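Could you build the full structure based on these sequences and the hints that come with them?
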Amino acid sequence: MAVMPVPAGNSRDCSVAGLDAAARHPYLLPMQCPDGSSMDGKIDRRTLLRGAVGSSAAFALATSVPTWAQPVSAGLVRDYPSVSGDDIRLTVDHVMRTIDGRTSHGIGINGTAPGPLIRLREGQTVRLHVENRLEEDTSIHWHGLLLPFHMDGVPGISFPGIAPRSTFTYTFPLRQAGTYWYHSHSGLQEQMGHYGPIVIDPAGADPVAFDREHVILLSDHSPMHPHLIFRKLKQMGGYFNYQKQALADQLRGEGQSAGERAAWGAMRMDPADVADVTASTYTYLVNGHGPRDSWTALFTPGERVRLRIINASAMTTFNVRIPGLKITIVAADGLPVRPVPVDEFQIAVAETYDAIVEPADERAYALVAESVDRSGMAVAMLSPRAGMIAPVPPLRPRPLATMKDMGMGDMDHGAPASAPVNDPACPPEHAAMGHCTPGATMPLPDAATPVDHAAMGHGGSIMQHSMRDFANVPDTVAKTPTVQTISPMPVDRTGEPGQGLSDVDHRVLVYRDLVALERNPDVRAPERQMELHLTGNMERYMWAFDGRKFSEISAPIPFLEGERVRVRLVNDTMMTHPIHLHGHYFELVTGHGDHAPRKHTVNVQPGGTVTFDLTADALGDWAFHCHMLFHMHAGMMQVVSVRPRDAAA
Amino acid sequence: MTAAALATMAMAMAFAQAHAGHGAPASAPAVSSADCPPEHAAMGHCTPTPAPPADPAIDPAASGTALPPGNAPAPVIERADYADRIWGRAAMAPVRAAIRREHGGMMLSQIMVDIAEMQVRNGREGYRWEGEGWFGGDINRLVVKTEGEGDFGERVEDAEAQALYSRAIDPYFNVQAGVRQDFEPAGRTYAAVGVEGLAPYWFEIEAHGFLSTGGDLLGRVAASYDQRITQRLILQPRIELNLAAQDIAASGIGAGLSEADVDLRLRYEIRREFAPYIGITHRARIGRTADIARARGEDAAATSFVIGLRAWF
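In order, the protein sequence lines correspond to chains B and R. For the first sequence, the numbering used here assigns the number 3 to the initial residue and increments by one for each residue that follows. For the second sequence, the numbering used here assigns the number 4 to the initial residue and increments by one for each residue that follows.
Calculated from the structure, these hints are not laboratory results. If you're wondering where the values come from, they're calculated on a predicted model, not measured in any experiment. We put the CB at the ideal spot given by N, CA and C, even for glycine. Errors might be hidden in some of the hints.
[Claimed, not checked] According to the in silico footprint, chain R covers these stretches of chain B (three or more CB under 8 angstroms from chain R):
id, stretch
1, 243-253
2, 259-268
3, 474-486
4, 529-542
5, 548-562
6, 588-596
In structure tokens form, the structure reads like this:
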């Protein structure tokens, strides 16, 4: 039987002594102990077999998943020898995966898919030797890490890639701590299992106190080859959607009314199109395990458990909740934020959140990650002991897109006319001070009376004429077949919880809840601003920035080194797009001044906008793309070039 | 060790040094400026200028993302080739070209057999097929179509094929141009031009004109609609009109609206790609064409029950 040491976390006696309790949230630890000693190197190594009370069968090591993701986990093992240290060897090769009892082919790392946990320490310089045993090129991108651009791992942008039967050594210093992940940036290998988690321990004390930690790596798995999935999407955009509106549900009085269906049909828009790829082919995974595998994270009642949640999916936005437990968000995209207690949160592809949960009772809890279209879910158990499971709640009804998702602003939401307009140029606190007028920069719909859904036959005819009006976008947006629609009235939706979550009866995280724990490193005003439109065509399955696919352009998005720029992303499509910039953090303009949350990936809701300030401080060329793998593959990708000020003039 | 590897390590080390001051606590909120970023100031390279006089329009306490942006011009960068400095143009150029092709420039195809059915009418049994394939990218495609019909035990009644260049002209519609070849009832060659796409309310429509080498002008217009009854059970009404600019005696076609097909097919998608169906079709010869048929002793109209398969890959 395998011995599984339990990490003790970093909670120690000094963490509570001498603290001004009122000044600090219980999850925040001082940077140093009161006696002045730093916590570095003083990790308590109680290696109890606390969790090993279950059956030995439950602990039998499955071969297709790495040690950290075994079906029953007592928590992370801090010094797992093969995946930490200054020299790490990683081998990319074909693997066979067993998920919910079914076996399929995948691409893994060091024999497993997902790959091993890479545990590092802030301040170290790491060398990662990646051997490619495939018959095709591969690569590893270190998602969210700040590093020299030629170590970023994107073939054709940062380096030539890793040829078959060769080894490439990545070398870079670690300038940050937190939860990250890695994945292939070659072809569609990521969808085949070529990804894994990264945890970087802080050089000093961890601002988050916890007794135990678990990695929750969410992903989507299909037995179909990713190239075939992409081909089906191109041949038939709605191929995977078996939750479309149909006559049968209309006769049952479900979904849209006849008038709404007609209005949406007039626009050739499908409100049931929430996810491109669904549970009709996907199994949703936690740490490589399907719902039936019931991956279990152990805890002892009363502990503070840190969950390092990573969405490593190719195409799936998840809504995560743990019925019966408050989830306190303490970090976003690796960086600490002021704790936000929520009941549920949406995690877009490629985002990470760290959360604290405090299960007090001797009972199991189900961690449920529903796909945004509610066609399926990933499930894990938080349990005091192996074999103790909690009931899994049923899937909730699938959401339908709204007029707002089509960029019609607040027209159909029935929001009271007094509701403040979300204007990033005028956050509520400034408006309250009389410094600006929200919404002054954008046309306002006549919201004097909430517009009834049923009355939208009238609205539909209006929209028919305005759903693709290039007068609503700058002339940087190309008039191509890629642009199916243009949001007539896009609004900042960072105060909204995401599709299908606006009507739940508990608290759901919104981007505006996130406030950086530390002051932003660069608090200058942006020197300039730019706007980028997220465009697409569901019928032809084309995706692009500003109407031009990556295959159709050669000039990058230009920045000068050190330049600070305000970037506004406008979603002209009815799908969400998690937009990821390599090699940088950016500050979301969500009304928090110099404590703006810093992210590497931001989800732009349908018909919505997101504004961020970027300090282009990393010289070189960087990939910038939608992290929906098949959107990127279809063309929603660009290069961000950062040049020295003297050279680029 | 290769030169590239050495260069890599050197750059990594320089990078580490350049950012050594990054983890500094934010306890000293030094005013930063474009000329003097905090990390340079920390190294004594420059002195940050004091905060500019407060703009009365701005909250004096505001900083970071609360500040309004300026209007500096954007720089111009022609090519994303910075990695050439590290790895060399020879190593980067082919990979760079490949990833651009890979992200949006891929070529794909689809073969669709829309109709493959047996028709039963008045005791006679016939068959009909209609299919098309496309090959190419998002904008430019080669489209090949074929359709035809006949009665079992007899000579094929109608058979034709088309090869068309197809180009996307807007989000929903393609223009097409190419050749049409009739094999039955008579071998004829036409130039073909038309448009097809998805109209509002989810109607698939197409309209094509054909000009034969003999100078005859024909037209064909079709529309169909998929009514989902359940997620897999789909009722498809379909209408096709054929037109002619002149009489074509050999084909039994009269000038004007010559023929109308009204079909109703109910298919069950066992998979999206594999859907057996049943249905009813009605064909009416119209106007002068009907007269010609009656003169030949044929029925001007016929209704058939059909059973068939819709399949694609």
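Going down the list of hints, with the structure as the test:
1. With 7 residues having a Cβ less than 8 angstroms from any Cβ of chain R, the stretch 243-253 of chain B passes the three-residue criterion, so the hint holds.
2. For a cut-off of 8 angstroms, the count of residues in the stretch 259-268 of chain B with a CB near a CB of chain R stands at 3, and the three-residue condition holds.
3. Figure legend: the stretch 474-486 of chain B, annotated as covered by chain R; annotation consistent (4 residues with Cβ-Cβ distances under 8 angstroms, at least 3 required).
4. Under the rule that three or more residues need a Cβ within less than 8 angstroms of chain R, the assignment of the stretch 529-542 of chain B holds, with 7 such residues.
5. With 10 residues carrying a beta carbon less than 8 angstroms from a beta carbon of chain R, the stretch 548-562 of chain B meets the three-residue requirement, and the given coverage holds.
6. A count of 8 residues in the stretch 588-596 of chain B with a Cβ less than 8 angstroms from any Cβ of chain R is obtained; the coverage claim is therefore met, three being the minimum.
Violation of the numbered hints given earlier is absent; every hint is satisfied by the structure.
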